[in-house]
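Asker: One line per chain: the protein sequences are A and B, in this order. Under our numbering, think of the first position of the first sequence as 27, with each following residue one higher. Under our numbering, think of the first position of the second sequence as 27, with each following residue one higher.
Keep in mind that the hints were calculated from the coordinates and are not lab data. Since we're looking at a predicted model, the values are computed, not measured.
Result set (BS3-like, lysine-lysine): computed pairs, CA atoms no more than 30 Å apart in a straight line: (1) Lys96(B) - Lys47(B); (2) Lys97(A) - Lys81(B); (3) Lys119(A) - Lys221(B); (4) Lys81(B) - Lys260(A); (5) Lys47(B) - Lys81(A); (6) Lys226(A) - Lys97(B); (7) Lys96(A) - Lys226(B); (8) Lys221(B) - Lys96(A); (9) Lys97(B) - Lys81(A); (10) Lys260(A) - Lys283(B); (11) Lys252(B) - Lys281(A); (12) Lys260(B) - Lys283(A); (13) Lys281(B) - Lys119(A); (14) Lys81(A) - Lys260(B); (15) Lys87(B) - Lys81(A); (16) Lys252(A) - Lys281(B); (17) Lys221(B) - Lys87(A); (18) Lys47(A) - Lys81(B); (19) Lys81(A) - Lys81(B); (20) Lys283(A) - Lys252(B).
So you can see what is in the structure, the chains are spelled out below.
Number of protein chains: 2
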Amino acid sequence: MGKMNDRPLILVTNDDGIEAKGFSELVHVAMEFGDVVAISAQVPMSGMSHAITIKVPLRVKLVEERPGLKKYLTNGTPVDGVKLAFNSLMEQKPHLLISGINHGSNSSSSILYSGTMAAAMEGAINHIPSVGFSLLDFDPEADFGPSCQVARDVIRMVMENGLPDGICLNVNIPAVPSGEIRGIRMCSQANGFWKEEFEKRTDPNGHEYYWLTGFFHNREPDGGGKGTDEWALKNHFVSVVPIQTDMTAYSLLEKMKTWELTGIKHEG
Amino acid sequence: MGKMNDRPLILVTNDDGIEAKGFSELVHVAMEFGDVVAISAQVPMSGMSHAITIKVPLRVKLVEERPGLKKYLTNGTPVDGVKLAFNSLMEQKPHLLISGINHGSNSSSSILYSGTMAAAMEGAINHIPSVGFSLLDFDPEADFGPSCQVARDVIRMVMENGLPDGICLNVNIPAVPSGEIRGIRMCSQANGFWKEEFEKRTDPNGHEYYWLTGFFHNREPDGGGKGTDEWALKNHFVSVVPIQTDMTAYSLLEKMKTWELTGIKHEG
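Given only the sequences and the hints, what does the whole structure look like? Please build it.
Answerer: Written out as structure tokens, the structure is:
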């Protein structure tokens, strides 16, 4: 991006592919706030988590360029795209990274599988204030109007307050009309998990194979209570969870120092 | 696994592929402690993080069966393999999940990209005490003797003490002879990151492409001080970091509740 003006520089990415409606809408919101570099993959990368591409060469193609916007296509994962943008496509690091708007929830432990949130985490560990947005609606033609309004509010909030190094935001939006969104809640990650159901089939050659399907289980009663993202979403609030890339379980760390180890000398 | 006896049932997986020496050595260690189900991919899955396979069918093949061991091959990622084992291959959930021994470090923020540790995290969110092991040596023929001794100690420790729900262990082993390992340290995750360097090349058709390379940066002075995994490893200690799958940054959560939001009603 040339240094034509003093507008903030914003990197936009996603994991549903460059044709996704949620991506296109987020790019438009970002352009209200600054100059935008956008990068996405040809194909959806849902479930790619923090995967990086080591074994095949990465390709990048500039597919759209107009004042305030450069849009790139890549064969890489969402995290590859962020790395490429930081290292090869942008003359300077962006002031903000936003990812999404994802078609489908990334609340609770879904964050572990999410390419959308992995891109935001990649921003956070590179000192960039970063936010991932997800709408609880898998429909390719979902109404992103309320989500865009939420995105504007959160972007403004992050530009005003900044974010501590290594922490990004996981924003999920309930699939309800704008007037029915009851507000924005700061939440913790609910203690949920996906209960897998594999569908076992037999191919025309007689070999068995499996399709991964599954549905979400929330382990906490009442969705985990008022403090969790699952509870907020079920009650038509937007959930905002601050996510840290330091995954140390400090609660256990002190206790572990009393564990006895045999064989190899143990120093607490 | 049949219920022939009361031996613990242990699931072993990795992300370097079924032929990796570190996997084979860890399977042998596991067999000292219980009956083993092992699953791995045909090809290395390094850098696959918590990726799951949605778009192609998953295949599983039993490639070895003898008393105390069933070994499966899959085309899926490490996390797919764990999900398949829990849901389709094992008659009951295992008492322990161990992943590795990885060829190369998964300390500090490398955990975010690691298939080895994603498999352990998948165990943790499914209530299974889970540990990932990594040796700081990329050599396919690395000496895993000291690492196997560490694995025995840690497995014994986890079997005695258990692990809280949602927390697994990230164990990294320095690449030094057994006699030079100074002990085992309980650590926090160092504040490091990978500094990418993309190598830009031009293919025979004149198109540019990139290879992802990179090297690790530790941001903290002296490797982050005595408490971090990077410091421990540099000083020839084994590092054990408890890892939580709840990624909420509680430190920021309270502060965020004071942020003002415009546009949409904000309830803290």
